[in-house]
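Undergrad: Next come the chains, spelled out residue by residue.
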Amino acid sequence: MVLSIWEGAYRVIGWRSWVFPAPSHVVDATLGMLNVRTGFGEGIGAGWPFAKEQSGREEGSWYGSPLIRAQVVSGVRLVFGFSLSIVFGGVLGLLMWRWEGLDKLLGPLFLGLQTLPSVCWVPLAILVFGINETGILFVLVMGSFFAIAIALRDGLKQIPPIYQRAGLMLGAAGWRLYRYVLLPASLPALAGSLRQGFSFAWRSLMGAELIFAVKKQGLGYQLAMGRETADVAQVVAVMIVMVVVGMVVDRWGFAKLQERVQARFGLG
Amino acid sequence: MFALPIENYQLKGLGERRGMEAGAVRSGELKAARRLAPAELLRGVVRREVGRGMLEMRGIEKRFNSSRVAVLTGISLEVKRGEFVVVVGPSGCGKTTLLNLAGGMVKPDGGEVMLDGKAVEGPGPERAMVFQDHGLFPWLTAASNIEFGLRMLGMRRRERRDRVEAALRMVHLGNFGEKLVHELSGGMKQRVAIARAMVMDPAVLLMDEPFAALDAQTRTLLHGQLQELWIQTKKTILFVTHSVGEAVRLADRIIVLSAYPGRIRREIRVELSHPRDFDSPQISELVRLVRTEIEEEVNRVNREMAGDEWKPAASAHLGDGFVDLGGSI
Ligand SMILES: Nc1ncnc2c1ncn2[C@@H]1O[C@H](COP(=O)(O)OP(=O)(O)OP(=O)(O)O)[C@@H](O)[C@H]1O
Ligand SMILES: [Mg+2]
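Top line first, the protein sequences correspond to chains F and L. Residue 143 in this note's numbering sits at position 143 of the first sequence, with consecutive numbering throughout. Residue 212 in this note's numbering sits at position 212 of the second sequence, with consecutive numbering throughout.
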């Protein structure tokens with residue numbers, strides 16, 4: 001609805017596409033990044049919506065297209081960085097829950113750091129690690145592991161003490177108590193913290209990629225490219241892709257995980 | 001089928017002092033005997049080991065943090081092997097604390113807890129507990145909950161499975177093993193919790209108001225099943241409740257706790273043979289007598305908690321099978 005009004009207004013008023021693109025231009029740009037040439041944004045006439053003339057650029061397969069490549073690069077970084085975040089955040093969350101002193105020390109610090117937008121880590125990362133993959137990972141981890149640690153600590157704190165007592169009564173002592181009682185008991189909280197951690201991680205990664213210009217080019221870099229070449233349609237297209245990817249992973253990945261855990265526990 | 005000695009049942013102790021006549025109620029006992037599950041069900045679940053299960057508490061003192069009044073003071077209690085002891089007392093008098101002390105989950109500030117002559121150091125499977133609100137693990141199925149303790153012992157899968165199966169049948173939940181905890185009714189949850197404790201073959205079974213949250217019918221059903229289970233396994237049971245009816249139905253001996261501070265007020269022996277017919281007039285008579293005995297104590301507690309204005313209600317609902325001490329507080 002909104003889209004059709006937008007498109008209609010564009011066609012009637014005749015905005016210039018390099019200032020503000022119509023949806024059809026965005027579709028063109030998106031498909032263009034997938035190595036499919038279309039002409040949705042052209043005037044409707046014979047042959048629409050196929051591209052009028054072949055540009056000088058070489059045609060490639062869809063899987064070799066810039067968008068897919070960028071997606072893969074970003075995806076790999078996300079998996080690595082997010083795993084690191086889970087490990088750091090998990091260990092710290094556990095330690096903070098276990099030792100109140102550490103919690104008193106780190107808790108306020110982490111809450112404070114959470115308010116810091118993750119791109120603010122970029123200058124530090126550049127100075128410490130240089131412009132490379134490590135720098136990007138650093139920003140990603142910094143941007144998301146606090147969230148995981150805090151959420152896990154809160155989740156562990158909410159475990160009813162009766163589970164611990166029942167576990168001890170049934171002979172689950174030492175590490176077994178952690179592995180077989182406290183870990184599963186904290187699953188609902190853990191799923192929630194992963195979900196939150198992911199959204200932080202995704203945002204941090206996009207921000208970092210936007211600024212870091214390293215050899216391997218992720219989704220954020222495509223956004224920067226769009227700016228460089230003043231291709232507004234591409235900028236909007238990449239933004240939409242970012243939102244869609246983030247939402248899809250959240251909805252079909254982490255939200256599903258959370259739902260399943262909650263169903264098992266009979267919550268909600 | 002079990003061959004149970006059918007004895008004359010007697011009201012001794014309290015009943016005798018009140019001049020009650022002892023008499024035989026055979027039909028009720030026979031009916032109850034027919035309900036018993038075959039002994040094979042328990043094979044593999046419970047070793048009938050002798051010489052286990054004597055619980056002693058000597059001079060227990062317990063206060064929390066900097067609280068002025070002790071929660072429990074001067075508690076000395078001996079539960080003999082195979083005995084079914086029920087502790088009754090008003091809400092907040094320290095019943096759960098008493099069980100936690102026996103379970104080793106709470107340390108006493110004074111005195112000692114001993115099981116079969118050895119000091120209790122911490123929680124462990126030889127003192128299995130059935131909690132007030134079941135405490136089953138919601139991420140496991142009923143069967144896995146029962147299996148949990150055996151897994152912690154490192155028992156092999158095959159052996160575990162057999163025992164879990166037997167334990168499920170023992171609490172009449174043979175077909176519910178694969179259900180998740182939240183899919184079970186309140187009564188079923190408590191039965192799973194009992195099975196989870198029993199499968200560990202504990203020396204004593206500690207039960208903290210396990211049926212308090214259930215409706216009267218379910219409670220009666222489970223009283224029957226628990227009694228059955230106890231007759232078959234000869235476990236030592238320390239059972240806590242605020243319901244006098246429950247205490248009289250199940251107990252060999254009733255310990256009455258007072259509140260603020262919690263100390264043992266009275267000890268009442270219930271010398272009715274097992275299995276008992278819960279509907280027998282003798283039971284209701286005994287309930288009434290025990291209740292009168294402890295009403296005084298409840299009134300005292302109420303007076304102290306409400307100030308001087310409080311007056312005891314004129315002996316309400318006499319002869320009622322269940323009297324909630326806690327409910328009136
Ligand atoms: N961990 C604790 N810290 C401080 N006070 C406690 C703690 N546990 C229990 N208490 C106090 O000790 C008293 C006895 O508690 P307890 O749970 O043993 O009572 P109860 O007889 O089991 O009551 P109910 O019938 O309601 O279950 C209460 O006044 C309670 O406030
Ligand atoms: Mg209690």
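Fair warning: there could be bad hints in the mix.
Mimicking BS3-like on lysine-lysine, the simulated pairs with C-alpha atoms at most 30 Å apart in a straight line are [as the list claims (entries may be wrong)]:
(1) K157(F) <-> K179(L)
(2) K80(L) <-> K234(L)
(3) K234(L) <-> K118(L)
(4) K107(L) <-> K80(L)
(5) K157(F) <-> K256(F)
(6) K104(F) <-> K118(L)
(7) K107(L) <-> K256(F)
(8) K107(L) <-> K157(F)
Hints are computed from structural coordinates only; laboratory data are not their basis.
Undergrad: It remains to establish, for every hint, whether it holds in the given structure.
TA: Results for each hint:
1. For the given pair, K157(F) sits about 28 Å from K179(L) by alpha-carbon distance, which is consistent with the 30 Å threshold.
2. With a CA separation close to 11 Å, the supplied pair K80(L) and K234(L) stays within the 30 Å bound.
3. With a C-alpha separation of about 21 Å, the suggested pair K234(L) and K118(L) falls inside the 30 Å cut-off, and the hint holds.
4. Taking the CA atoms of K107(L) and K80(L), the gap is about 22 Å. The hint holds against a cut of 30 Å.
5. For a cut-off of 30 Å, the pair hint linking K157(F) to K256(F) stands: about 24 Å separates their Cα positions.
6. Between the alpha carbons of K104(F) and K118(L) the distance comes to roughly 40 Å, so the proposed pair goes past 30 Å and is violated.
7. Between K107(L) and K256(F) the CA atoms are separated by roughly 43 Å; this puts the pair beyond 30 Å, and the hint is violated.
8. As the CA atoms of K107(L) and K157(F) are separated by approximately 23 Å, the hinted pair is consistent with the 30 Å bound.
Of the hints listed earlier, those the structure fails to meet are numbers 6, 7, in rising order.
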